[in-house]
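**Student:** Residue numbers (this note's numbering), protein chains in the order written: chain A, 1 to 322; chain B, 1 to 578; chain C, 1 to 99; chain D, 1 to 194.
By construction, these hints were calculated from the structure, which means they are not laboratory data.
Please note that a few of the clues may not be correct.
[As the list claims (entries may be wrong)] Residues of chain A clear of chain B, computed beta-carbon distances all greater than 12 Å:
1) 104
2) 119
3) 146
4) 160
5) 202
6) 207
7) 236
8) 239
[Stated by the list, open to error] Straight-line C-alpha distance at most 20 Å; calculated SDA-like pairs for lysine to any residue:
9) B:307 x A:56
10) D:123 x B:260
11) D:84 x C:12
12) B:199 x D:7
13) A:61 x B:307
14) B:199 x D:11
15) B:16 x B:545
16) D:123 x B:249
17) B:307 x A:70
18) A:163 x A:295
19) C:70 x B:204
20) A:226 x B:488
21) D:123 x B:251
22) D:8 x D:83
23) B:123 x D:7
24) A:90 x B:335
25) C:69 x D:7
26) A:50 x B:567
27) D:107 x D:137
28) B:123 x D:25
29) B:307 x A:60
30) D:123 x B:258
31) B:123 x B:11
32) B:307 x A:58
33) A:246 x A:298
34) A:257 x A:240
35) B:566 x A:54
36) D:123 x D:54
37) D:88 x C:13
38) A:99 x A:164
39) C:69 x D:6
40) D:84 x C:13
Ideal placement from N, C-alpha and C gives every residue a C-beta, glycine not left out.
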Amino acid sequence: MRELLPLPVDGSAHGIAIDNMLAIIHWLMLILFVGWGAFFVYTLIRFRRKRNPRADYMGVKSHVSSYLEVALALFEAVLLVGFAIPLWAKRVNDFPGEKDATVVRVVAEQFAWNVHYPGADGVFGRTSISLITDDNPLGLDRTDPNAKDDITTINQLHVPVGKPVIIRLSTKDVIHSFNLPTMRVKQDAIPGQVIPLWFTPVKTTDQLVAEMAEPFELKGDGTSPKLFERIAIGDLAGKDSAVIVKKGDVFTSDVVKPLMDAGYTSIMAAPNVTTEIACAQLCGLGHYRMRGYLSVDTKEAYAAWMADQVSQLPHDSTTTIP
Amino acid sequence: MEGNHDHEHHLGFWRKYVFSQDHKVIGIQYGFTSLLFLLFGFTLMMVMRWQLAYPGQPIPIIGSWLGDDRAPQGIMLPEFYNQLGAMHGTIMVFLGIVPLAVGAFGNYVMPLQIGAPDMAFPKLNMMSYWVYFLGGVTMLSSFVMPGGAANSGWTSYPPLSDIATTGQTVWLCGMVFLITSSLLGSINFIVTIVQLRAKGLTFMRLPFFVWAQFVTSFLLLLAFPPLEAAGVLQLMDRLAGSSFFLPSGLVVTGQPLNVSGGGSPLLWQHLFWFLAHPEVYVLILPAMGIVAEIIANNTRKPLWGYKSMVYAAIFLGFMSFIVWAHHMFMTGMGTIISTFFQTTTMIISIPSVIILTALLISLWGGSIRFTTPMLFALAFLPMFGIGGLTGLPLGLSATDIPLHDTYYVIGHFHYVVAPGTIFALFAGIYHWFPKLTGRKMNEVLGRIHFFGSFVCMNAIFMPMFIVGLAGVSRRLWDGGAQYAHAQPVLHWNAFMSMGAWTLGLFQLPFIFNLFWSIWKGKKVEENHWQATTLEWATPTPPPHGNFLTVPEVYRPPYEYSVPGQKRDFIPQNQPMEA
Amino acid sequence: MDASHAEDVRKHVRIYVSVFVALLTLTVVTVTISYLNLSVVPAIIVALVIASVKGSLVASYFMHLISEKKLIYAALGLAAVFFLALIFLPLLAMSDRIH
Amino acid sequence: MEIPYTVKARPDTGLVNAKLGVWLFLASEVMLFGALFSSYILLRIGSVEWPHHVLDVPLATINTAVLISSSITMVMSWASLMEKNFGKYRRFMGATILLGLVFLIIKYFEYTHHFAAGEIPSKSTFFAIYFTMTGLHGLHVIGGMIVNSYFWGPGSKMWKTQPERFTNRIEVAGLYWHFVDLVWIFLFPVLYLL
Ligand code: HEA
Ligand code: HEA
Ligand code: CUA
Ligand SMILES: [Cu+2]
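Taking the hints into account, I'd like the entire structure generated from these sequences.
**Tutor:** Shown next, in the form of structure tokens:
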């Protein structure tokens with residue numbers, strides 16, 4: 001239903017509801033417009049001066065139009081009560097419990113996203129603006145016991161798939177807007193406020209990227225050069241089951257022949273991209289490049305990434321990170 | 001306040017053409033100034049469109065004139081892009097469309113249509129124009145300020161605007177002038193319409209254009225003051241170091257901001273949108289008025305459902321004061337408040353539908369003449385239709401999540417203001433030109449202008465919906481080139497830019513036509529369009545004081561093709577035959 | 001309002017003077033109350049009530065609103081409605097936020 | 001054609017142009033100060049603590065009395081014109097202007113005192129809104145005084161030529177002046193007492 005709209009791939013649980021609602025509204029708009037448009041064009045042709053030299057003082061007598069207007073009003077009411085309000089209520093009221101969710105602080109600044117994980121203890125360490133330095137952009141107080149295990153990153157938001165994510169959004173300076181196009185999430189970050197938002201990623205970034213894959217004809221030298229900026233969405237093995245192109249690798253011109261020898265005529269290749277955090281509110285000259293990375297990982301991959309982050313924590317944690 | 005212009009019939013050049021108190025002269029002054037601003041605002045955008053189409057590539061020709069603090073080696077800086085964006089929006093809305101739709105058309109046509117000798121307060125009228133002019137000059141001067149013009153968007157959201165360069169202060173001063181001008185103007189309009197209507201011209205006999213101006217004036221009168229207040233508060237923040245819009249604990253580029261804090265950034269948004277939503281109906285109502293006049297005249301039949309149109313316009317005006325926060329859905333609204341504003345937003349779409357439907361149905365049974373003004377007026381309907389319909393998904397908070405602050409919004413409102421309002425204004429110019437000059441504009445050039453503009457407008461704005469649905473943010477210096485999710489639609493940027501530049505070319509026949517026709521246009525008789533409304537009952541061009549004899553009105557505004565009459569139109573001031 | 005005859009002008013003048021006295025007394029009252037330091041809510045209510053009374057006295061008598069034309073009531077009524085919207089909707093928006 | 005209803009009221013509306021004009025202007029003024037009061041409320045509710053009785057209440061009380069008095073002298077000056085007593089009008093109008101002046105002088109002392117104490121807009125949102133509101137109101141007072149002075153001096157010539165029209169003008173000027181008084185009546189408790 002939503003396919004007719006050029007929407008980005010969708011990896012969140014609630015995304016489908018929003019997309020379908022979008023589709024329904026656009027169908028309504030299309031029907032209305034075509035209806036009106038048809039009447040419009042027909043009238044123009046039929047009542048042009050040549051064909052109808054003298055106008056009819058009364059014009060249309062029936063009041064069908066008022067019924068149409070009422071119908072439209074009703075439809076809008078349905079959209080409102082049936083879709084819009086419940087959807088919104090679910091977004092802003094039914095937050096999942098903190099225990100069974102990944103809770104993250106995101107602090108926006110010109111022009112980056114600071115990400116703050118509470119770490120193993122699940123408690124965010126104390127932060128203070130007096131501690132803010134270039135290498136401690138969050139002003140995290142490492143001397144605070146709760147802060148010892150806290151993980152901080154810049155522009156890197158990793159979350160495990162299939163588990164609700166709660167983000168406590170705030171900003172250091174001006175208004176930004178935290179936008180995850182592939183998760184149908186958008187929330188302004190308002191200075192002086194912490195605004196929570198939540199979503200449940202149901203697809204990993206890899207899966208989403210795979211969804212963006214398009215088929216490419218393999219025609220020797222005639223192969224579209226576009227292929228060579230794209231990646232494989234799975235291992236491509238030859239007859240001797242030796243892998244020619246590994247999953248995630250960028251295609252190179254010299255794999256074309258081996259692949260064709262291996263009997264491939266057309267292969268799926270995905271853009272070499274990741275899912276993103278975009279800034280949707282004008283926040284200064286760097287607004288256009290205030291881009292972060294959202295990585296929805298499998299449980300294992302997430303755990304691995306976390307472990308790696310932890311290993312990088314300062315061991316003598318009485319001092320703040322140099 | 002009253003103007004006693006007893007001896008104005010033999011005035012010197014200055015009092016006659018520059019500091020004139022004649023509503024017609026003032027109307028023309030408004031007209032040319034605003035057209036120039038419209039052209040300027042468009043030019044800014046044509047420059048921006050280069051950067052959007054070919055990010056980071058030197059702008060041909062003008063690139064070298066811009067200077068190193070704007071475009072070193074002709075490559076536009078993000079700072080400058082933001083200045084152009086903010087100024088394009090501001091200029092188009094406050095210095096282009098509104099002065100043209102209200103200041104020019106309202107001033108020139110409305111008093112004539114109600115059979116008034118002039119505006120109720122001619123001196124005030126003159127002041128409104130000159131204060132507007134001052135505001136315009138102030139705005140323009142901001143480009144040469146250190147750090148350039150305002151660069152926080154036409155919405156000027158703090159804290160960004162609070163900490164922005166000097167240009168923002170100039171922007172605020174400019175706005176104060178423009179607001180003052182609009183207030184004076186709107187008072188004048190309302191008093192004129194209420195007090196100076198000709199004998200027999202009851203409210204339900206007013207041409208729809210006058211109704212549109214009437215409602216518009218109320219919007220300006222009551223919605224602008226809060227923005228003026230907000231402007232003063234922001235000036236205080238910037239000049240007196242107060243913290244109306246600055247909460248405590250801000251850290252800008254690593255440095256704690258030393259202000260008292262305790263302010264609220266959302267306060268600005270409420271005050272701004274309290275104006276800015278009614279403002280958008282200020283942009284559309286006069287356009288609807290013009291279109292209504294031209295449709296009635298060129299279908300040679302009365303408007304269908306005139307009364308319902310009038311009530312719809314009034315209701316629209318009223319509702320427009322309580323929908324403003326649909327611009328703020330993403331600021332963290334709870335369910336109750338968002339429900340309230342979604343509901344009012346859905347409600348307000350109905351009167352627009354009623355007006356458009358009435359205009360549409362008015363065509364049925366007509367004897368339609370496809371004159372140039374009529375072409376523009378007709379095109380207005382579907383164009384406004386697209387713009388309006390795309391307002392609906394934006395008006396529902398859930399679907400606004402993916403669409404907010406994307407090019408979808410840009411597409412939405414440009415369809416209503418550009419191929420919508422601008423087309424209506426073009427229509428008005430072609431329609432009333434014979435009234436001003438006694439000559440008519442060239443039809444061939446007119447058609448070239450129309451069809452060219454029509455195609456280009458759609459070429460520019462239709463792709464914006466695609467780009468917007470793909471999730472590309474607005475106000476991006478590189479048009480989204482950075483973002484993965486923008487890649488599939490990126491190629492549209494160049495296409496839209498081509499459209500914009502071609503649109504620019506198609507304005508040349510218009511500009512030429514306009515000036516050429518003033519002196520060389522085909523001479524036409526007094527009531528060239530065989531119209532019924534009072535402005536055509538005056539000599540052309542109307543003398544100072546407008547009417548030779550005090551006009552009296554005997555019938556509704558659009559008595560076209562009355563059965564049993566051999567002429568297919570009866571002027572409003574033609575007495576009933578006993 | 002054109003009270004052309006000197007007589008009812010004098011009648012008006014009498015009204016003006018009494019309104020004037022009322023305003024002064026109310027001013028004294030509201031000031032003294034403010035020193036009783038009541039708790040916030042009643043304090044606000046009392047002060048605003050008194051202010052409104054004073055305001056309506058000025059409007060009704062000095063500005064002759066009690067005997068004004070319908071049109072002017074309409075214009076002011078409209079302003080009053082939007083004034084309330086401007087005060088209360090932002091308040092509502094501020095109190096009903098995601099948390 | 002001349003502009004009608006500048007002196008005589010239009011029958012169906014019962015108004016002269018200027019009067020409708022000024023009432024519309026006042027309606028917009030309501031929205032202007034309305035926005036400021038709205039801001040005041042939002043800021044106050046959002047604030048951690050809000051100062052109480054830090055402003056000079058006695059001075060402000062005097063000032064309230066002064067403005068109220070100026071209102072009655074204003075309306076009296078109009079009444080005098082209704083009584084066709086120009087001399088009396090001159091005296092009352094003069095008094096109105098002087099009272100306005102007294103108000104400003106007192107305000108000046110308040111301001112300078114605050115500045116001396118370092119209580120300026122950047123100190124807190126309270127002082128920010130205090131200076132903004134009273135400052136804007138002060139500008140309105142000055143504006144009113146200019147208009148009134150004009151009608152006291154050069155403008156009063158019109159009394160000889162068009163007494164009725166002049167009386168209308170004074171009524172209109174009065175409406176504005178009373179409104180300025182009215183605004184203060186609300187500013188006073190909101191800023192000084194609460
Ligand atoms: C003239 C200007 C104008 C008009 C008339 C409208 C009309 C409407 N607007 Fe629009 N809007 C703007 C100008 C306008 N808008 C601007 C400038 C912005 C952006 C500001 C910024 O952020 O910079 C904006 C943004 C904007 C938003 C905020 C989006 C966001 O930032 O996320 C919303 C949300 O509710 C909205 C909704 C609406 C609605 C529901 C209408 C409704 O009134 C529409 C009702 C009309 C219809 C439903 C059409 C009916 C049509 C027909 C019957 C004709 C059919 C005829 C034929 C086919 C022949 N608008
Ligand atoms: C009334 C309002 C109005 C109008 C008419 C227009 C008209 C146009 N706008 Fe504008 N635009 C805005 C209001 C308007 N815009 C606003 C408010 C914004 C948001 C700013 C912000 O982000 O803060 C915006 C933003 C905006 C953007 C997005 C920028 C960004 O987000 O980064 C773009 C991009 O293409 C754009 C393009 C155009 C184009 C191509 C036109 C064209 O349609 C222009 C058409 C103009 C003409 C056809 C000129 C007609 C005049 C003449 C022919 C002159 C004749 C002269 C004489 C005779 C002397 N506009
Ligand atoms: Cu941050 Cu835009
Ligand atoms: Cu809006």
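**Student:** Now tell me if each hint is right for this structure.
**Tutor:** Comparing the hints with the structure gives:
1. 104: 17 Å, holds
2. 119: 23 Å, holds
3. 146: 20 Å, holds
4. 160: 21 Å, holds
5. 202: Check passes; 17 Å lies beyond 12 Å.
6. 207: At roughly 15 Å from the nearest Cβ of chain B, residue 207 of chain A sits farther out than 12 Å, so the non-interface label holds.
7. 236: 23 Å, holds
8. 239: Since the minimum Cβ distance to chain B is about 35 Å, residue 239 of chain A lies beyond 12 Å and the statement holds.
9. B:307 x A:56: Between residue 307 of chain B and residue 56 of chain A the Cα gap is close to 19 Å, so the pair holds against 20 Å.
10. D:123 x B:260: 6 Å, holds
11. D:84 x C:12: 15 Å, holds
12. B:199 x D:7: 18 Å, holds
13. A:61 x B:307: 15 Å, holds
14. B:199 x D:11: 11 Å, holds
15. B:16 x B:545: At roughly 13 Å apart (the allowed maximum being 20 Å), residue 545 of chain B and residue 16 of chain B satisfy the hint.
16. D:123 x B:249: With a Cα-Cα distance of about 15 Å, the restraint between residue 123 of chain D and residue 249 of chain B holds, given a limit of 20 Å.
17. B:307 x A:70: 18 Å, holds
18. A:163 x A:295: Cα-Cα ~14 Å, so holds.
19. C:70 x B:204: Judged against 20 Å, a Cα distance of about 18 Å means the pair holds.
20. A:226 x B:488: 13 Å, holds
21. D:123 x B:251: The given pair, whose Cα atoms are some 19 Å apart, holds under the 20 Å limit.
22. D:8 x D:83: Holds - the C-alpha atoms of residue 83 of chain D and residue 8 of chain D are around 18 Å apart, at most 20 Å.
23. B:123 x D:7: OK: residue 123 of chain B and residue 7 of chain D at ~17 Å, within 20 Å.
24. A:90 x B:335: 9 Å, holds
25. C:69 x D:7: The given pair, whose Cα atoms are some 17 Å apart, holds under the 20 Å limit.
26. A:50 x B:567: 18 Å, holds
27. D:107 x D:137: Answer holds: residue 107 of chain D to residue 137 of chain D is near 11 Å, not above 20 Å.
28. B:123 x D:25: Between residue 123 of chain B and residue 25 of chain D the Cα gap is close to 16 Å, so the pair holds against 20 Å.
29. B:307 x A:60: 15 Å, holds
30. D:123 x B:258: Holds. Residue 123 of chain D to residue 258 of chain B sits at ~11 Å (cutoff 20 Å).
31. B:123 x B:11: It holds: about 15 Å lies between the C-alpha atoms, which stays within 20 Å.
32. B:307 x A:58: Between residue 307 of chain B and residue 58 of chain A the Cα gap is close to 14 Å, so the pair holds against 20 Å.
33. A:246 x A:298: Since the Cα atoms of residue 246 of chain A and residue 298 of chain A sit roughly 19 Å apart, the hinted pair holds (cutoff 20 Å).
34. A:257 x A:240: The hint holds at about 15 Å.
35. B:566 x A:54: 10 Å, holds
36. D:123 x D:54: 13 Å, holds
37. D:88 x C:13: Answer holds: residue 88 of chain D to residue 13 of chain C is near 13 Å, not above 20 Å.
38. A:99 x A:164: 10 Å, holds
39. C:69 x D:6: 17 Å, holds
40. D:84 x C:13: 15 Å, holds
The structure agrees with every numbered hint stated previously.
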